[in-house]
Amino acid sequence: MNCSALRGGAAVLKDITLGQYFPGDTVIHRLDPRTKILVLIVYITALFFAETPVTYALMALCLAAAIWISRIKLSVMVRGLKPLVLVIVLTSILNILYTKGEPLFSFWIITVTREGVMNAVKISVRIIMLVMGTFMLTYTTSPIMLTYGLELLMGPLKKLKVPVHELAMMMSMALRLIPTLIEETDKIISAQKARGAEFDTGNLFEKARAMLPILVPLFISAFRRADELATAMEARCYHGGENRTRLNVLKLRLRDGMALGLSAAVLGGVIVLVNMGI
Amino acid sequence: MSDIAIKIDGLTYFYPADEGTAPVDVLRGLTLELESGSFTAVLGHNGSGKSTLARHLNALLLPKGGSVYVFGMDTRMEELVLEIRRRVGMVFQNPDNQIVSNVVEEDVAFAPENLGVPSPEIRERVDEALKMVGMYEFRNHAPHLLSGGQRQRIAIAGVLAMRPKCVVFDEPTAMLDPRGREEVMGIIYKLRREYGSTVILITHHMEEAARADRVIVMDSGLVAMDGSPREVFSNVEELSALGLDVPEETRLLYELRREGLNVPLCALDARECAGALAKYFKKTGDIPSGSRTERNADGK
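Top line first, the protein sequences correspond to chains A and B.
What the first sequence shows, in the numbering used here, is residues -11 to 266, in sequence order.
What the second sequence shows, in the numbering used here, is residues 210 to 509, in sequence order.
One or more hints might be untrue.
[Said to hold, decoys possible] Okay, the calculated bits of chain B under chain A, using three or more residues with CB under 8 Å as the criterion:
hint: 1; stretch: 244 to 256
hint: 2; stretch: 300 to 309
hint: 3; stretch: 315 to 321
hint: 4; stretch: 327 to 341
hint: 5; stretch: 350 to 362
hint: 6; stretch: 420 to 426
[Stated by the list, open to error] Residues from chain B that keep clear of chain A, each with C-beta distances beyond 12 Å, as calculated:
hint: 7; residue: 232
hint: 8; residue: 268
hint: 9; residue: 269
hint: 10; residue: 274
hint: 11; residue: 312
hint: 12; residue: 387
hint: 13; residue: 490
Since the hints were derived computationally from the structure, they do not count as laboratory data.
We put the CB at the ideal spot given by N, CA and C, even for glycine.
Model the full structure from these sequences, guided by the hints.
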């Protein structure tokens, strides 16, 4: 029983695909990170404009096309959604319960309305598509490229004394450490289980308390790691963003223009369709 | 070859103490010269100050007393810090805490990027460094999916991309399995042999130190012993008193001598040890089981 529980714990952690990057050589991988970030922003905007089934279908089609082109496995996408199940279920329930309108059926003090169900479906689809779209960005863009793109996009803010390079570097380090810390958590859980700690029994409060022996060592080790990483970076001549060059210099190409144009067209299309009531 | 790479004169260092306690001296007037192109191993038990010494070699720590000159540059000169760190690369114990990117080649590019090397040359340096450590095929991989030995090789490549003249290895194999240790040591020897780099290896493993030109043993912040591996390892008693072991082969010969056998005292590897024993038995005509000795020579 302990053994299966152990593996269970590890599997949950492996589901965290946040910040993961799947190297590849597709058009989407090769797009400029700036383009990808802008396209994502346009995509999210369009997603919030989408109201009608037709517009949702259009957005879904775009997403599906992007996934297909990038050759990211659908199973990976779905796996990344798992931690969101609770959020989706909760928002759905709240929407079903609290939307007024034409009642479908009543049960005790609960009245389920047609609009409520529609809203729940809409919002669930919206969350799923939102998250999948964001995954498309992080799955196909290496963290360094991603932060490089962000740094360039936020470049104008430097004039306002915003520490753009530092923010980008912090984000890049955070993304870099996610897999390492997941591995570490896995080890700590195993070690605590080997000493008889139980994480799966008891009520919610007891379960939360049981997390303490995981979190404390994890924090200590994270601080130690951060310290060592900073020393290693200094040893490799890191001295902030001044005079830094890059292995791969970003250059906007034709494909970037096309991707931006296409996403703008989709956004326009969605707005027009919604206004026409289709 | 006889240039001085590193010159340390009367180096003292203490870590800032917690409130209410006196600061503990870690280095106490250490004086040392390291020749350019040499391979030096630094031994010492925990707390002998060897890692603190290492961190002085590329200005991560600055002397509290005395001085450290790296290729003629004083580490206390603030404006020389980058130049010093570019010349003296440093590889640490845990590869996970040195790697800055989720992609191998981007990690290797980190140092040249910091130095402001033009992009085409960064590409050149990255490819060269990755080929040197035999990780070129993995350039697009994610480091956390590789083995410990492979990760450490990437960390080494990340340092080599600076094209340093000197590389300090601070217990680079302590967290690795025997196979990873072999891989990393192979690269260290290659670095020395093919690139003529000055190598300083801080280690716990006697077998690793046995292959250096010079072994320095540290004890409570000072150089306790200094000489060729053969000279240093011959002092079995003195090493034991400093809390260190000698290579197993030397230990065996030492014990045999104590039993009154007239064998040479020092052997740095299994082959040399077996050879010495075979010679001894041949000379005395007392061959207990010659074939087994032969097998020993091939084994291990």
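Now for the hints, and whether the structure bears them out:
1. 244 to 256: violated (count 0)
2. 300 to 309: Coverage by chain A holds for the stretch 300 to 309 of chain B (7 residues, Cβ < 8 Å).
3. 315 to 321: holds (count 5)
4. 327 to 341: Since three or more residues must qualify, the claim that chain A covers the stretch 327 to 341 of chain B holds, with 5 doing so at under 8 Å.
5. 350 to 362: holds (count 3)
6. 420 to 426: Since three or more residues must qualify, the claim that chain A covers the stretch 420 to 426 of chain B is violated, with 0 doing so at under 8 Å.
7. 232: The claim stands: residue 232 of chain B keeps its Cβ more than 12 Å from every Cβ of chain A (closest is about 20 Å).
8. 268: Given that some Cβ of chain A is not farther than 12 Å from that of residue 268 of chain B, nearest at about 9 Å, it is violated.
9. 269: violated, 6 Å
10. 274: Given a closest Cβ separation of 22 Å, the condition holds.
11. 312: Violated, because the least Cβ-Cβ distance between residue 312 of chain B and chain A comes to about 5 Å, which does not exceed 12 Å.
12. 387: Holds, because the least Cβ-Cβ distance between residue 387 of chain B and chain A comes to about 21 Å, which exceeds 12 Å.
13. 490: holds, 50 Å
Checked against the numbered hints above, the structure breaks hints 1, 6, 8, 9, 11 and satisfies the rest.
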